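*Asks:* Sequence:
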Amino acid sequence: MTNNPVLSFLQQRNSSAKLTAPAPSAAQLNEIFKAALRAPDHGGLKPWSFITIEGDARVRLGELFVKAELSHGVQLDEDKIRKICSKPLRAPLIIAVAASVTESAKVPDIEQIISAGCAAQNILLAVEALGYAAIWRTGDVAYDDFVQDGLGLEQHQMLLGFLYIGTRDMPEKPLPERDVNTFVRSW
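First residue of the sequence shown: 1, per our numbering; consecutive thereafter.
What the hints contain is simulated information worked out from the structure, not anything from laboratory work.
Predicted model, so just to flag it, every value in this text is computed and none were measured.
A few of these clues could be false.
[Said to hold, decoys possible] Label pairs and their calculated CB-CB ranges: (1) Glu63 / Arg185: 31 to 39 Å; (2) Arg178 / Ile114: 30 to 38 Å; (3) Glu78 / Arg13: 32 to 40 Å; (4) Gly55 / Arg82: 18 to 26 Å; (5) Leu7 / Glu63: 27 to 35 Å.
Glycine included, each C-beta is placed from N, C-alpha and C at the ideal position.
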């Protein structure tokens with residue numbers, strides 16, 4: 001174990017599925033987004049876009065999820081509709097993260113998408129640094145064109161997922177030990 005506080009913090013990052021109020025304040029969100037904007041960015045394209053969803057907008061997001069299912073011809077009973085509608089209510093704040101891909105001879109699409117993923121990771125780290133908790137959620141709705149259109153994303157944007165953010169409402173889950181040698185080799 002390191003005695004470097006930054007490395008210790010990074011090594012202990014932990015998602016939390018159960019979140020409650022409060023969420024970060026507007027001033028704290030500003031600081032969180034400043035951290036997101038420091039993601040690696042080959043070519044300076046700034047290939048990220050963020051949508052905050054809180055309050056009643058979470059209800060509208062649940063309704064959008066239901067409409068997406070119905071648009072694909074899925075039959076939903078009332079219980080299933082309630083379950084889908086309640087998903088965005090699992091946290092007081094959601095940040096939808098999108099990659100905004102720009103045509104570039106120098107920077108391939110995949111690098112821009114990875115950059116947006118790094119921005120999302122920076123958000124998760126900044127949230128924890130401020131004493132809150134989060135989890136990155138995807139599922140079929142994250143990759144659904146109907147949902148992307150409903151969120152107002154443009155053709156060149158790709159939704160990467162939803163960051164559910166709030167205050168941890170459960171004990172931190174134990175982190176499994178991971179052997180670095182399983183993932184690293186010399187060449």
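*Asks:* Now tell me if each hint is right for this structure.
*Replies:* Each hint, compared with the structure:
Checking the proposed 31 to 39 Å range against Glu63 and Arg185 shows it is violated: the Cβ atoms sit about 48 Å from each other. For the pair Arg178 and Ile114, the supplied restraint of 30 to 38 Å is violated, since their beta-carbon distance comes to about 22 Å. A C-beta distance of roughly 38 Å is found between Glu78 and Arg13, which places it inside the suggested range of 32 to 40 Å. Checked against the hint of 18 to 26 Å, the pair Gly55 and Arg82 passes, with Cβ atoms roughly 20 Å apart.
Checked against the given bound of 27 to 35 Å, the beta carbons of Leu7 and Glu63, roughly 43 Å apart, lie outside it.
Consistency note: the structure conflicts with the earlier hints numbered 1, 2, 5.
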